[in-house]
Amino acid sequence: MGGALTADLRAARRRLRHVDWVLVACTLALVAVGTAAIASATATPEQPLGLLRPRLAHVAVGLAVLAGLAAVPYRSLGEAWKLLYGLSLALLALTDLVGRTALGAQRWLAVGPVSLQPSELAKLGLVVTLAWFLSRRKEPPTRLPDLLPYLVLAGPPVLLVFLQPDLGSALAFVAVLLAMLWAAGVPRGQLAGLVAGGLLVSPLVWPLLKPYQRTRLLVFVDPSLDPLGAGYNLIQSKIAIGSGGLWGKGLFAGTQNTLQFLPMQHTDFVFSVIGEELGFVGAVGVLLLFWVFLLRVLQVASSARDAFGSYLCVGVASLVAFHVLVNVGMTVGLAPATGIPLPFLSYGGTALVTHLAGVGLVLSVAVRRPKILF
Amino acid sequence: MQPEKPVHLSTRLTSFAVALTVALAALALRLWQLQVLQGDYYAQLADTNRLRIHRVAAPRGLILDRRGTPLVLNRPAFSVSILPMELREPTRVLPELARVLGVSQEELWSRWERARSRPFEPVRVRRDVGMRVVTLLEERREELRGVQVEAEPVRVYPFGAAAAHVLGYLGEVSADELEALRPRGYRAGDLIGKAGVERSYDTVLRGDDGEHVVEVDVAGRPLRVLREQPGRPGNTLVLSLDWELQQEAERQLRGWSGAVVAMDPRTGEVLVMASSPSFDPNAFSVGISERQWRQLVQDRRNPLLNRATAAAVEPGSVFKVVTGLAALQEGRAGPASRFVCTGSLRLGRWVFRDLQAHGVVDFTTGVAQSCNVMFWMLGRSLGPERLATYARRLGFGQPTGVDLPLEATGVIPDPDYKQRTWREPWYPGDTLNMAIGQGFVLVTPIQVARALSAVANGGLLVQPRLGRAVLSPEGQVVRTFSPTVQGRVEFSPSALQALRRGLEAVVERGTGQAARVEGLRVAGKTGSAETPRGRPHAWFAGYAPAEDPRIVVVVLVEHGYRGGLNAAPIARAVLSRWWEGQRAGRREAGWAAR
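In order, the protein sequences belong to chains A and B.
When you read off a place in the first sequence, starting at 1, and then add 642, the result is the number in my numbering.
When you read off a place in the second sequence, starting at 1, and then add 26, the result is the number in my numbering.
Worth flagging that the hints you see were computed from the coordinates, not collected in a lab.
Wrong hints could be hidden among the right ones.
Said to hold, decoys possible - Covered by chain A, according to a simulated footprint, are these stretches of chain B (three or more residues, beta-carbon under 8 angstroms):
hint, region
1, 36–47
2, 238–252
3, 499–512
What the hints assert, rightly or not - Computed beta-carbon distance windows for the label pairs:
hint, chain 1, residue 1, chain 2, residue 2, range
4, A, Val847, B, Arg250, 47 to 55 angstroms
5, B, Arg142, A, Thr784, 56 to 64 angstroms
6, B, Leu77, A, Gly835, 50 to 58 angstroms
7, B, Val129, A, Val843, 25 to 33 angstroms
From the three backbone atoms N, C-alpha and C, an ideal C-beta is built for every residue, glycine too.
Using the sequences and the accompanying hints, generate a full structural model.
Below you can see the structure in the form of structure tokens.
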């Protein structure tokens, strides 16, 4: 009994030693910066703290999930892929049927007082499922028919999310799929063929897009097409970031933010608030944190005990990277407005919990790494 | 069973890491571009977003007559503008605004289209809206985002059409004018003087607009005032007009087309400048409607034309002042010269006929009776070049430089002119016509007034002037205008004396007796100028008192038939009104002692 306890303690201590503390620090720093920006973006004279309290609740839930997943042996998640994948699809289907509509899309599912965004949860579900299937192969999938199972797995969630419609999240699934196939060793030519095929099919998608989505894409090409309409968000975001200058206007002091010229400044455009109030220094600081974070996740991927762990980490890394690049790209006018949140920073409970859960997965892989590496 | 990790995993992860690094570095570079390289530009855009610079329109300066009678004032009013940048739902807001303002939707849309290129500049859509509209718009401010109400005074001409040609009117600054005036703070939709002294003294009358810098949120709600800078009203312009005389002249002209000019021959100060028919400049103050404007422009009597300065007509016998002076100065006539008038003059194959045979006349009587034969003989002896030279010395054929826009030049013909313009040689008959102010001679009443002033003051060509002084809004004298002598006509004293005796005789016992004023010695010359366009124009040009001239009066009645009949009585009315004032000892109190 006592011996078992000391053995457990020893194991726990060894695992704690393997925790990637740099990764954890980056995550916490990003969450903290996001929290400050959200407070600034949502403060009003009546509510000087804005949405700080619900945000802190999201953070608490997210960190609990992170710690829980880090403690769970990740292989058990892979074994439960049917449950995770099935649940993801079920929630997505339910959302399409009875979901709450906001901003022209049916993206939220009301569970009691809480609004869930199942597309976020499904992203992680797909990561686990794909990682599991990829790790079951001995040889890398090199022929096109080998790729078919993964396309079949990714197809339903992409389609369901696209129908909401949430073009950005649908593309996120595709990006994750491609990144994981890449890591699994699919030859370049095959991946290129896949991408080319997708691009060939995309004109067929154009008629399916809602008018507002088409405008968004067109306006991305030329925001001045409609400076007072659809291009407004992009222009205001660039003004906010640009006017921040080198050092920023100071937290709570950004005029674009506090006078509401910036749209959705606590969700999709939270990075614009950081750019305006914390300047170039703050904005690049956030990018640096993401950079270190992603490199650490890839480091865990390469040092994982098994292929499943590696693929999990690659999935999480590509998920976060896609969101960062598309979201920040949008705020600086380099990518179209697709309604994608910035991981760890944007306001929004489901997205935050999902991304922190992703970090939990990575930590779970990290603490179970073989000793040899150190 | 645990599959090994694929061998290529680490190289693939490395390339993944490299790709991520490149992508993030690209974003960082973009941030450098936006925030550091273009930071100032975007900072300025952010300020444009949050700062509303409301112009506090400065009232235009007042315009007074020489005694301080206010002729042009302002009345507080409100204007409605649209700010394109904030007007994000034009399809909803504009129809609603059109309904509230009672204007057509098309008009608002066309203003909006023109305004879109400068989204930060408010554009007026209507001036002088009522209090009801102001409250309506203020109450619905949230709904009608992008619509602004600004306090902006409206110009008032309390006497309506009186002296409208002198005062002028306002109109929206045109695109061409704006190009030149933008640096001086004018903006689209501003009213500027378009005619009269409103135009020639626009810079004096225009005030400096104030500024009110307000921070607003995205809904345009004002949050706090950052800076307030009061405007400065425009300066007051004091005119030399004598309003009593002006009104008398306008009363007399009623029903006729014509003009009356009165000026002080010593200073050039214009005491009266009336032109009939007239128009109401108030119609322009709030933006004249298309229909009203068309009516004014298409009116065949041409009410917008200032007949005192901007239209040159045949002077007829009034021009004999020039012929007479030239003859006296050149020794072709003297006070004692005698002429035989048989009622006609033979010139080669032609016979020039006068209205009557005056018999044997001396120079004075010839002037008094306006004997054409005598002036024909004088003209023939002088020749066209000398006549033209004297006419030009007296200022004909050149604008007087009166401080009003768009002055006519008139025509003083000579053989060269005829050849150039008509491609015909000068015939001796042309000289005869010229000698009595017919043929190609064209003059404006203000030119006649300047020429006669030179006769009255002993030879000085003074510039006629309406502006007398400029006062600050507080009433301090900023600037006074002193007389400008434009030239000197060298008269021999005897020539001048003979001419003036003739002009006195015109009123004493000649054609101008209708201009006689009890107790005042008036000198002058009548004219009945034949015109191809209808009945002759009636002229009278005179001065008083004959022994010490202090006022020159020129009357033109278009198609008034005979100067002695229809022009001289008008001059008499103006002169007797002036003389009453002089006798009552009403000193010219001036603006300062008002």
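Could you work out which earlier hints the structure fails to respect and list their numbers in ascending sequence?
Numbers 3 and 7, in rising order.
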